[in-house]
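Chains as they are written, first to last, in my numbering: chain E, 1 to 635; chain S, 1 to 497; chain F, 1 to 103.
To be clear, the hints were calculated from the coordinates, so they are not data collected in a lab.
Quick caveat: nothing in here was measured; it's all calculated off a predicted structure.
Where is the CB? At the ideal position from N, CA and C, for every residue including glycine.
Treat each hint with caution, since some may be false.
[As the list claims (entries may be wrong)] Result set (BS3-like, lysine-lysine): computed pairs, CA atoms no more than 27 angstroms apart in a straight line: (1) E:K555 x E:K543; (2) E:K555 x E:K580; (3) S:K371 x E:K29; (4) S:K371 x E:K169; (5) S:K460 x E:K29; (6) E:K580 x E:K174.
[Claimed, not checked] A short, non-exhaustive set of chain E residues, derived as facing chain F with CB atoms under 7 angstroms: (7) G611; (8) Q612; (9) Q614; (10) G617; (11) I618.
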Amino acid sequence: MDMPIPNILIWFIFLLPLASFVLISFFTKPILKKPRLSGYLTIGAVAGSLTLSIWTLISILRAEGHELVIPDFNWLTINGVINIQVGLVMDTLTAVMLIVVTTVSLMVQIYSQGYMHSDPGYHRYYAFMSLFTASMLGLVMVNNLLLMYVFWELVGLCSYLLIGFWFHKPEAAKAAKKAFIVTRIGDFGFLAAILLLFSQTGTLDIAQIHSLALTGAIGGTILMWAAIGIFLGAVGKSAQFPLHVWLPDAMEGPTPVSALIHAATMVAAGVFLVARMFPIFEHSPDALLIVATIGGFTAIFAASMGLVMNDIKRVLAYSTVSQLGYMMLGLGTGGVAIGIIHLFNHAFFKALLFLGAGSINHATGTFDMRRMGGLRKVMPWTYFTFLIASLSISGIWPLAGFWSKDEILVSTFDSQPVLFYLAMATVFMTAFYMFRVVFLTFGGKYRGGTSSQTDTRPHESPMVMIIPMVILSVLAICSGWFNVTGDFGHLLGHGAEHGFIEGFFGILTHPLPWISLIMAFAGILLAYAIYSKNWISATKVRKFFSPIHTMFFRKYWMDELYEDIIGEKILNKGIFARLKLFDSKLVDGAVNGVAEAVMTMGRAIRQVQTGQLQLYGIFIILGVLAIAIGLILWG
Amino acid sequence: MDFNYLTLIIFLPVAGAIVISLVPGLSSKLIRYIASLFTFIPLAISIFLFIAFDRSTSVAGTIQFEELSPWISAINANYHLGVDGLSLPLVLLTTLIGFLVVLISWKINTRVREYFAWLLLLETSILGVFCSLDLLLFFIFWEIEVIPMYFLISIWGAGRKEYSAIKYVVYTLFGSALMLAGILSLYFTTGSLSIIDMTHSGSAMVQSLMPAAPIFFMLLAGFAIKLPVFPLHTWLPDAHTDAPTAGSVVLAGTLIKMGGYGMIRVCVGIFPQVAQDYAQLLLALAVINIVYGAAVTLRQTDLKRLIAYSSISHMGFVLLGIFALGELSMVGAGLQMFSHGIVTGLLFAVTGLVMHNTGERNIGKLGGLAKQIPFIAVIFTIGGLASMGVPGTSGFIAEVTVFIGAFSSNIVDGVNVYTIISMLGILLAAAYILWLLRGVFFNHPLEKFNGTADADRLEKTYCAIFVAAILVIGMYPMILTDVIRTGITPIANLLGG
Amino acid sequence: MEVGLEHYLILSTVLFSIGLYGALSKRSAVVILMSIEIMLAAVTVTMVAFSRYIVPTELTGQIFTIFIIVVAAAEAAVGLAIIIAIYRRRENIDASKIDLLKW
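Looking at chain E on its own, in the form it has when it is part of the complex (with noise of 0.2 angstroms):
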């Protein structure tokens, strides 16, 4: 692949999912009678996506200033007001999030065919994670703020399809709904930084917002608020907190949805976005320390609730909340290369991780660990994939969870020593809640399961989804790899170049990464003291701190603050019915109340009509008198 990607090409990238969509929605299904044709199909679409992207990025990588310049076209122009084009930035980062969107994405494509096999959603599965794939292409494909909205609610409104995919499901239709509404208070930062910088600049394209914040045109407070509106927006994507109590709830859907969209891709769509907009935090300071600040303690505090949580996609959805805060530790800290290169690490063990659990809820019937216990035998490909991706995301050496970490704690050591004390108890709390899943599922022996499976033993998935999990495997171990050398920071501009051996083993001359091992390996050790050996016992280990304990589990109550006392209590039974009650007794009461009115007084004046045909003469004669008085008087 000498030549590089003709233009037209690129476009397809993003059409082949779209075209997979439109098909299975409008043919394979209604016209067709086909649904098992919606995989291939899905399949087929990505796999086509991942070969085009592989193309771009051996293309950007010999290209000029690691950029291709795509011509762009109109979309909504309206003379001398608005210009919006649309058209593609295709630069580095880009390159990244489209490998790891396709590659993840056709993985997870994949393994559904197993795991959805026997689901009668299939086809409107495949369907929403065609668009879903096509959403979040464009996403990180688009150079312009406005259509960078636009496909970030699509991602949005896919994750709230697919979160309540099983809709005759309670809890999916309510999950549902919070991710949607809760995403979208902080979509609502977006928008308004959008508004702001477009009525500052008159221009939504992002290269010319940031040759105007390089240039200095816009700044200072502008700059600032326009820069925390964004991160606004990847809070709530990238369920940071205070916005970060959706995506647990998200695990309603389907298991590998929450691999592919609440792991892998869509929330790291936080990330990518202070990634891509990156010079307008440079400039302010003050918005950069927000984003460390909120992801160092995202970080911690999401570890903290996934210590104690029973249900193995919780523990993992937690992690992930934990982990998308090391990201934004490391750009508000590092700079774009530190976060983007967890982001890559991470979307591949996280996903790893979901479709282990899928693998195991698939053989189990359930994602409770305390009905596990005892699969290591009979599941041994998901074992040593889902032990590897554990080893990964504790950042043991040489794994490539080790390498991001590492980068994020160094600059976090630099600028903010606070925030690292709280990354290093990270390191710590990951290994150990990570080992918690791995010796209570795989460890010990058999607890069940389901009632309803207890009689049917627990099995291997089929190769159809062992085979993604073992790609992705090895991309756990070794994607942390491509910045041994430097290679990977340089390319998003930090960073210095060095041999691969030398960085592979001259890592370990430094003491930092020898702190965050010996955590790693304290976590390790102490759950395997608890959950594998019972040195120590959990429930007292559980008793003696009840407490906190309960504070975890109960998630520091901020389900019961959002919902029960913000969401219906002030709001809902507070506000809203009293602004209904103000509505319907008030502003309609006063518009009935002068129509009570009128016919008040005309019940009052008609009481003259007495129907006394003489009475009326008496008024008629009164009255010409009255007239013929007057005339005299003053004629």
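Here the structure of chain E is known, so what remains is to put chains S and F in place on it, guided by the hints.
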């Protein structure tokens, strides 16, 4: 223009009404076919006009397909029709909805003859409002519209239909009384009834007989009731809720657009200076409309009432767009009017299907319908998503255009604050739409709704037309903005922003 | 004493007042009808008097008077017919009870 296209468009429906009501012995089936024919031809012509419309920037502001003949020369009133970029999309919207409501009404079986006659007369009067360039003609069409709507609500409606119908009539007449006073004042101060003349020569025509502001407000009152603007909005939920499905579709789809159209065409067009002076007040009302409307919507339990209240919130965006007085924001207002017409039209149509097929309209008693009536569920979801402004639908592009336009408008001070508060509206919209979808279609399927009929072929057809319109505009808004812009630019130029 | 215009006018005023009083105060519809006839008679007297004293060469007043007499006769016929119809229906011709126009 050689051929009187607009006269044809306007009077074909009423010709159909005359045929239906006077030719004896027509079967119900035949009446339906006649009605659909007499609404389809105007639709076809207006699509043709939409294509033939000259969009080049150089002709911005000129009236196209103009017809002018003297009418009552003693008072200088003319039969003056014409469309520009502002009214043409609304004419298209009205003919589209006019045709679709005939399909929506296919299952009406009581007093079929009267029903379709009124429906067609209604379409004529609305079209007349959008095409008239003479204030007296405008007012006559404006008034005619009340009569068919009254009968449609009070005969074929449901619930407290007589109350709602009377309320609608009294409210509207109250507004039009003030409007008539405004038109007369305008006539006596300028000696003209031509909207175009007054817009072109601006305040120069207004002699010192009467200050401009009272005239502005008298006219505005009529439009504000129709739009509706808080606190004059309470007729709307009642009328929408108790009207028959087709009545609600016409009301929400086209009728209330007359208010927004009048505000731009008459209030802002003739009194740009007054509009600017009082923009703050109207923007505040717009914000109240949006946020308050949405908050009250959240507490509704009746399907139709909920959508009716959501209209109040959505029309607030129109008000925001108009009185932000920016060029882009007014284009957004035009786009929002069109978009709201098809989106809410669709929502009322499918709501009608849900209510008709299940026999239930209380959201609390519905649930889990997605399994039983999947087609209706999909269409309802698409309509709902458009209503809360999800990208790819017309609702998104319209609202975003209003927001961007209003926020960056530099004519009114503090408009960006109003815009930001208004954005809460889309947040609340997501809440009530998702709540509605969840309440009606999701959760466990209920046994009592087993065997509920899904949409039949005809119903699928009109739903598909609505959805197609929503998506086309959502994906490629230029198809409309190109036209709307030519109507807005001259008005925006009056404001000199 | 010469009998002049004013004497006729006073006569007609007195007649008119009597008629008016009767029309407004009597209960019986027949009496009311008769009173109305008296009022009409008073008017005719005025007309003839004016005609005689102001435009003696023209007979306008007399012509009008004949019109009025004709109309009064027709009116009496219609009025009596109504009264008879009411009497048949209600067995009563008390004007104060005939108040269907009320409200």
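How the hints compare with the structure:
no., hint, in the structure
1, E:K555 x E:K543, "holds, 18 angstroms"
2, E:K555 x E:K580, "violated, 33 angstroms"
3, S:K371 x E:K29, "holds, 17 angstroms"
4, S:K371 x E:K169, "holds, 12 angstroms"
5, S:K460 x E:K29, "holds, 17 angstroms"
6, E:K580 x E:K174, "holds, 24 angstroms"
7, G611, "holds, 3 angstroms"
8, Q612, "holds, 6 angstroms"
9, Q614, "holds, 5 angstroms"
10, G617, "holds, 5 angstroms"
11, I618, "holds, 6 angstroms"
Of the numbered hints listed earlier, the single one contradicted by the structure is hint 2.
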